[in-house]
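Enquirer: The primary structure of each chain is shown beneath.
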Amino acid sequence: MPDLLNTSLTGMLAFQRALEITGHNISNANTPGYSRQVAEFTTRVGGGSGRNYVGGGTQISTIKRIYDNLLVEQLRTSATGQARFSALNNLAGRVDSLLADADTGLNTGLQNFFNTMQDVSNNPAEIPTRQALLGEADGLANRFRSLDQRLDTLESEVNDRLTLAVDEINRIAADIAETNDQIAIAGVGALPNDLLDRRDALVLELSGLVSVSTIMQDDGAMNVFVGSGQSLVLGANVQRFGTQASEFDPTRVSVVYEGSSGTTPLDTSLSGGTLGGLLEFRSRVLDPSRQSLGQTAVAFVNRFNAQHAAGMDLRGNLGGDFFAIDPPRVLYSSNNTGSGTVTAAIDDLGAFTGADYVLEFDGAAYSLSRADTGQNVALTGSGTAADPFLADGISIEVGGAAAAGDRMMIRGGHNAAGTIETVITDPRAIALAAPTRAQASIANIGDATISPARVADSTDPALLASSVIEFTSATSYTINGAGNFTYTDGDPIVINGSSVTINGTPAVGDQFTIEANYGASGDNSNGLLLTDIQSVGVLDGGAIGIGESYAQLVASVGGTAHQIQAGLDAQNVIYTNAEDAVLSKSGVNLDEEAANLIRFQQAYQAAAQVVNVTKTLFDSLLAATSR
Amino acid sequence: MNGLQAMQRLQTALDYTQRQISSGRRILNPSDDPIGSSRSLELRESISRLQQFDRNSTIVGSRLGQEESALSAVNNVLQRVRVLALQANNATQSNESRGLIAIEMREQLGNLVQLANQQDGNGSYLFAGNRGDTQPVSRTGSTFTYNGDQGQRFIQIGEGREIADSDSGAAVFFQIRNGNGTFSALPDPGNTGTGVVGAGSLVDPTLYDRGQYTVRFIDPDNYEVLDALGATVATASYQSGDTLAFSGIEFSLSGNPDTGDEFIVAPSRNQDVFSTIDRLAAAIGTATSSEATRAAMTNEINAGLLNLDQALGNILDTRTQVGSRLAAVEDQIDSNGSFVLTMQSALAEIQDLDYAEAISRLTAEVTTLEAAQKSFIRTQQLTLFNYF
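Sequence order for the protein chains is A and B. If you count by numbering that gives the first Met the number 0, then the first sequence holds residues 0 to 626, one letter each, in order. If you count by numbering that gives the first Met the number 0, then the second sequence holds residues 0 to 387, one letter each, in order.
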């Protein structure tokens, strides 16, 4: 009975293989990305014996990898989303707590500064109080600077992490290409399950770094694409990602694709994964925060300096700059071929946004667009020193010879907060008094009164000159003995940049004097106006105050961080679900393997028993014929 | 795997609740409640501003208090001077006794100058306007000069509410109308008769043109009224005690003016209170020897008393203003205080933790975590291999 022996041997062989597979499954129960393997038995077709066919035993036709491509795709997508939100959440959360913290945020600094400003206005002649104001001013400038520095540190961290992520992507891409190669070699007959698992694990790891799409090829190789269709892996070939300094800012890392036809910047086309999350954090949280902080800083310094210049200090000088801040920074594209130069300055705080702009020369004319949205911004003026371009509250002066296609970036507020400094060091130089005063002559007979002098134009060169308004009748007056002006009760009279109003009925010969406000150590008129800066609107056409502008930044970052946190929570659930789905399909269940172990062991024993039966049959036959 | 993640999430939630409880704050990061946290920033700013306004109010209050006590002392001096002038005006006084009165009056004048040059605790002159370093009143002979300015310092005591913490010396001591506040009627220094000007008043403001008029006696019983250009406005006969009325004003005249005696009516102009007292003292201190010089002295004292009353009225006005400013400061302190309370409770509502809720949440989270841990251990032990 040789057939029976053969048949039982096929069984023993098959069950031994099945036990090996079970052992493999058990050994890999904790291997990430491992897909459970199952032996598929088929019957061997036997030979004919007259009218009937007798089976020829069993065989393992395939070792099946329990795997659902759809579930694995879902897992990759959710890994991409989860990694993106995780990177975003980590960084945005730090900006969030940085801005709102009472110790690091701006509110306390602004509040202390303006409170001291009020103290100084209460005691304008007191040097110690003035000294305290300088201290608070330093503290406030410091807060602005340190906030910007902390944001700058985050920027460097993003740079470092981008470089690391790109290295990681290149490493994984190389591994995938190598695995593709091995699969192509090994996969001539049956599919090499463990290599497929390894490749899936690599692609999943890659998905955590950047959003990818994959296409299977006939030879079992997998092609991987990123961004807007750039190929990362084609069969056994790899295209590399790289980093380089961005076009305008050499300190900023930009991700590029090093294709066969040169490098392509990818900053705007990459999404998802850690890399996408980092880029998104930079464009969605970091840049707007720095711009908004800079906008607040620029508005505060310019408004405060302008008001300070309209006052008189204890020494009788007009107020100088109190704070200093850099003008909008101009960065030149690394691709420029011309020698054009651009200088920018703040023109109108009400229209100033703090955003980044790109100025482009097309060979004949300049055009301006927002760097973030690409939206065109209308330019007025001709770009010369006398008639600069004006756009969004910035004045732009161009010089030199720009070549066609040259681009410059104008950063409204990006670095501004980091450049604030207190310029005043002498407490006596704080200009708290009004520059001029209006006095009624004691000898006046009429009952007309004059208001305190207000500054109408602090740049008037004759601001500090004395002038006398003398009435020649109840309805007319001369200025310094000249002219004949009509007097209307309560109408403002502007002389040499000072504005006064006279009320009541003057008598002939009544005199009012406007003169430099020397020696008025107790005057706090300008101090009150400086204090008002805390509550008056400056930005957005005068609708938004300094503190308000910062509160908006805090609210906006808080809102974004909140949204990101919610997104991360959702992505965590989606990812866990996708992982569960893959595990429940492909994961190793030890109970099932234990059952298989018993089953195949028993089957093996049974097959071995058949061999024994064969031997007994054969022995019986020998015994029957030995006589 | 999944059970582990669930336990990690619970651990995070537990940690968050624990941080809430230990800090007492509901919002740990602005992202927890972006609207609430930006609202709380605004509230904190408002509270801090209001507290600053409180400090400002206290300063205004103490400065106004200082001014009030200085003005009260000024008032006492002026009242004393007034009493002295009335005493001196009494016909029973001899030249000697008037001389003593004049001496006391000069002492009072010295006091008054000192009061006007009073300094506050920081060495700034109270009545120098904004020129706090400059001594406001100086004297050269019988001329008193104001060296300060007419500025008035304002201090913010509430949102959009500023209040003056001082009055300039010009307004308090120098810008005082002489005569009755509208016009003054004074005898010409060259008069030889005994005509004494009495009280005058404005009868019809529409007729009064603020011009200068001269009442001249054509003879002891008749006078004419001339305007500034010398044209005759009116002529009338005179008896001692008559009231002279023309151009919407009137004043009484008594005694017997000589022919050619003149009385000048001029619109009121500013005369500082120091000069008023100085002239009074000079008039009182001058010995009288005849009816005519006595009449001149009486005229001077009458005029001085009128000016003194104007000065007293001015001090009273200023004190009233200071008083109403003090009341306004008190009001503002009260209303600021109640605003702060309202805002603090609004802030507490936004940022403070509801402990009852947080602690029950903590208990629930601890229970859930313990249950998850126990069930995790139990399910991990379930495997078929246990039965091999």
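By construction, these hints were calculated from the structure, which means they are not laboratory data. Any given hint could be a false lead.
Unchecked claim - Which residues of chain A face chain B? A few of them, derived with a C-beta cut under 8 Å, are: (1) 444; (2) 447; (3) 553.
We put the CB at the ideal spot given by N, CA and C, even for glycine.
Enquirer: For every hint, state whether the structure bears it out.
Expert: Hints and how they fare:
Annotation: interface hint on residue 444(A) holds; nearest CB of chain B at approximately 5 Å, less than 8 Å. Because the smallest distance between the Cβ of residue 447(A) and any Cβ of chain B comes to about 12 Å, over 8 Å, the interface hint for this residue is violated. At its closest, the beta carbon of residue 553(A) sits 6 Å from a beta carbon of chain B; the interface hint therefore holds under the 8 Å criterion.
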